[in-house]
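Chains A and B, in that order, are what the protein sequence lines are. Using this note's numbering, count along the first sequence one by one with no gaps and you end on 1532. Using this note's numbering, count along the second sequence one by one with no gaps and you end on 488.
Check the hints yourself; a few may be wrong.
[What the hints assert, rightly or not] DSSO-like mimics (lysine-lysine), calculated; alpha carbons at most 27 Å apart, straight line:
hint : chain 1 : residue 1 : chain 2 : residue 2
1    : B       : Lys327    : A       : Lys1461
2    : A       : Lys1481   : B       : Lys60
3    : A       : Lys1461   : B       : Lys242
4    : A       : Lys1464   : B       : Lys60
5    : B       : Lys31     : A       : Lys1513
6    : A       : Lys1501   : B       : Lys239
7    : A       : Lys1481   : B       : Lys242
8    : B       : Lys242    : A       : Lys1513
9    : A       : Lys1506   : B       : Lys242
Everything labelled a hint here was simulated from the structure, so no lab data went into it.
Residues per chain, in single letters:
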Amino acid sequence: MLKVVAACGNGMGSSQIIKMKISKVFKKLNIDADIHHLSMGEAKSAAASYDVVFCSLSLVDNFKVRNDKPIIIGLKNLLSEQEIEEKVKEKLIKQ
Amino acid sequence: MDFITMFNSVSKVFADNILTKPEFFIGILVFIGYMLLGKPIYESFAGFIKAAVGMMIWSVGSGGLVATFRPLLAGLNDRFALNAAVIDPYFGLNAASEAIKAVGMSLSWTMISLMVGFGWNILLVLLRRYTKVRTLFLTGHIMIQQATTCTWLLFFAIPELRSMEGAVWIGLLVGTYWAVFSNLTVEPTQALTENGGFAVGHQQMFWVWLTSKLAPKLGNPNKSVESLKLPKWLEIFNDNVITSGVLMIVFFGAIMLLLGEPYLRNLDKAGFPESLAFPTYILSKSLSFAVYLFILISGVRMFVAELTESFRGISDKILPGALPAVDCAATYGFSSPNTVLFGFLLGTLGQFTAIAGLLIFHSPIMIITGFVPVFFDNATTAVFANRFGGIRATVILTFMTGIIQVLGGGFAAWYFQLYKYGGWHGNIDWDTLWPVIGVIMHNLAVPGVILCIIAMLVIPQLQYRNGNREEYFNQGME
């Protein structure tokens, strides 16, 4: 099972939107995942225990990646299932 | 026992055990929502537990904030005849709920208003041919905060309406705001996101519209903030834990220094023993504000997640194809990280300037900067100002936003008497539009409420009339 966190500034609104959208996309692609949502500050501290982090493109630089973990996916349009699907296919499924 | 007595005793049990316990009320709402959506009973039950526990965590955080805050507020008042309020929606939520409880009402009334508001918004979109409203406000945590502040505004302005009737009026008022003002952000948001398919449903909807109108007059969109190089260290302020912690140290540190060591030692004998140095005391007290704030926020997050899930399910069923109005941060991906931080920086300067002004002119209210308005309002203003007017418009508008947040928030905290509980909602629409609505209601009572609702409902009509009528209903739709 993939451990996923959606992060945004205060961990309230946008991360909840991302969470709902990615769970839809994961269901469609048959990916089994446990999805949480947190503020950027909290997600940064906990990033090592997740496989994938989703956030707005504007927050990507705040996360540090060590040994390719976690995979950071930055989204331009948080509401676009199409964008999420493309990026998930590109970054998660190719391995 | 005849039917009427039975009904009365059942409703008394309900009123005594559910209405006075908002955690169970919200839990039941979530449970019913999930059942209506056809979720299995165990999932609905899980939703009930998470919503109730979330709300109870909220009250733990809230209780901690109140207990930490009260002696300092009393001290400021006692020594300097000064009142302090943090302008932040979570401090505002805390203050408004304390005020509601202090007049003997329960937060369940807020939840009733919330349901009425949500239902009213759905109805306004269903009747879009006549109302010209295209958007459904779906940002759960904001709906909780706004419904709560609005509940206090009406309970304060019209004490006779501290009842079921009042809860319905509050729902209609706040629901009209959600529908009409999120609808007003459609065009600017569509321009910014190149038809991203959403509108803003947050705390600065009026401001987004105003910014999109003023920015082109103030600057040139081709000279953008995005190419600007900002120092790397500013990035730490993206982190809400750090920013809130720093703000609390700065402001509460200043307040405690002002009150002085002997005063505080006398005030807080248990928490400030002989062995503890003053700087250590200041640091740990200031950071405990941040601690309770995060407890409160994580509680709100937990129950709002359930509420939003069931709201979204319900709206997908009743209203497929309504344009969703969502969190302002959804627009940030359409600008550079620079713009967001730049807005925050200029807004902070504006707020600090205005706070200095309040102190210099001996205002009876001192305003304390809170994280959410200073970060999110100004970042959002920056993103839109930059899109429509480039760097010059961004500088002017975000600095002005910071100033208005403090002055408008100070007025509101004073006028609606929430300074007694140390907080005001503080986001820009609540420093401009809502104080006006509150003052109108306070002076005109129920006719004032009706006037405000009608005045708001006229806005989408004007928008439709002055805009491109053929494209109006196609905005954001594929």
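Going through the hints against the structure:
1. B/Lys327 <-> A/Lys1461: Holds, because 16 Å separates the two Cα atoms, which is no more than 27 Å.
2. A/Lys1481 <-> B/Lys60: Holds - the C-alpha atoms of B/Lys60 and A/Lys1481 are around 24 Å apart, at most 27 Å.
3. A/Lys1461 <-> B/Lys242: violated (36 Å)
4. A/Lys1464 <-> B/Lys60: holds (23 Å)
5. B/Lys31 <-> A/Lys1513: violated (41 Å)
6. A/Lys1501 <-> B/Lys239: Within the cut-off at roughly 21 Å; holds.
7. A/Lys1481 <-> B/Lys242: holds (17 Å)
8. B/Lys242 <-> A/Lys1513: Satisfied, since the Cα-Cα distance of roughly 22 Å is no more than 27 Å.
9. A/Lys1506 <-> B/Lys242: Cα-Cα ~23 Å, so holds.
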